[in-house]
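Counting the sequence shown from 1 gives a position; our numbering is that position plus 50.
Keep in mind the hints are simulated off the structure, nothing from the lab. Remember, predicted model here, so these are calculated numbers, not experimental data. A couple of the hints might just be wrong.
[Claimed, not checked] So the derived label-pair ranges between C-beta atoms look like this:
hint : residue 1 : residue 2 : range
1    : 191       : 73        : 28 to 38 angstroms
2    : 185       : 139       : 14 to 24 angstroms
3    : 213       : 242       : 35 to 45 angstroms
4    : 62        : 123       : 20 to 30 angstroms
5    : 128       : 199       : 35 to 45 angstroms
6    : 146       : 224       : 47 to 57 angstroms
7    : 246       : 147       : 27 to 37 angstroms
8    : 148       : 128       : 18 to 28 angstroms
9    : 228       : 130       : 34 to 44 angstroms
10   : 165       : 85        : 40 to 50 angstroms
11   : 205       : 142       : 32 to 42 angstroms
12   : 179       : 209       : 21 to 31 angstroms
Ideal Cβ placement from N, Cα and C applies to all residues, glycine included.
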Amino acid sequence: MNPYRETAQFEEQLTALKEVATESSRRLVSDPPDPLFESHANVFIKSYLVSACSILETFLQNEALYFVYEMRIRAENANIPHNLTRWSSGAKDSAANQKFASFKIDLDEKIVTEKLSGNIDKTILSFSKIGVDIASDQEFKDRKDFISARVFKRNAIIHDNDDASDISFGDITEVAEKFLFYCHCIKRIVRQSPHLSSEEPTS
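Please build the complete structure, drawing on both the sequences and the hints.
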């Protein structure tokens with residue numbers, strides 16, 4: 051079963067978050083200010099940043115699953131002998147591991163996604179393991195520091211109870227917007243992988 055979800059879902063979520071942050075800012079600076087946002091602005095800001103990072107991480111996992119699924123289909127269609135792939139990859143020669151059947155990519159969803167998060171190093175490593183080189187892409191290089199700083203801030207909020215007093219609703223609007231651009235970047239790198247043919251994707 052294809053676990054892939056349409057990327058439009060994540061784009062819509064980030065766009066909605068951007069709109070919510072913009073409206074929150076408007077209510078805070080209105081005259082008079084909205085008492086709810088005036089009293090609890092920090093709570094909303096922290097919640098918005100955590101939500102943005104959660105959306106991003108789910109998107110990254112989704113793109114990895116898309117790629118693995120596409121490779122699985124192509125491997126099955128190629129009908130390559132299982133034993134030949136093991137020999138070629140340097141696997142230990144063992145009669146117990148021989149299989150006179152077609153090679154299959156049998157990674158399940160949990161294995162593909164369990165270590166993939168918004169953390170830049172983990173993102174690079176996880177995509178490298180499935181055969182996608184994102185680290186050498188210039189746009190990725192240009193965007194990774196911003197992403198890394200915001201994910202680090204999210205982690206500080208969750209694990210160290212950071213009060214996020216240095217973040218505003220305007221910052222959240224910027225985060226949602228730049229996360230969108232980053233998602234488009236990752237999607238482009240994945241879809242333009244030399245391992246994917248020019249054929250229409252199966253999903």
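So, going through the hints one by one against the coordinates:
1. Separated by about 33 angstroms at the C-beta atoms, residue 191 and residue 73 satisfy the suggested range of 28 to 38 angstroms.
2. Under the hint 14 to 24 angstroms, the C-beta atoms of residue 185 and residue 139, about 23 angstroms apart, fit the expected range.
3. For the hinted restraint 35 to 45 angstroms between residue 213 and residue 242, the CB-CB distance of approximately 41 angstroms keeps it satisfied.
4. Separation of residue 62 from residue 123 is about 27 angstroms and conforms to the stated range, judged on CB atoms against 20 to 30 angstroms.
5. A beta carbon spacing of about 42 angstroms between residue 128 and residue 199 agrees with the range 35 to 45 angstroms that was offered as a hint.
6. Hint check: residue 146 to residue 224, Cβ distance near 55 angstroms, so the stated range 47 to 57 angstroms holds.
7. The hinted window of 27 to 37 angstroms between residue 246 and residue 147 holds, with their beta carbons roughly 29 angstroms apart.
8. Between residue 148 and residue 128 the beta carbons are some 19 angstroms apart, a value that agrees with the proposed interval 18 to 28 angstroms.
9. Checked against the hint of 34 to 44 angstroms, the pair residue 228 and residue 130 passes, with Cβ atoms roughly 41 angstroms apart.
10. Look at residue 165 against residue 85: about 43 angstroms separates their beta carbons, and that is inside 40 to 50 angstroms.
11. Between residue 205 and residue 142 the Cβ separation comes to about 39 angstroms, which falls inside the hinted range of 32 to 42 angstroms.
12. For residue 179 and residue 209, the hinted distance range of 21 to 31 angstroms is satisfied, since their beta carbons lie about 25 angstroms from each other.
Hint compliance for this structure: no hint is broken.
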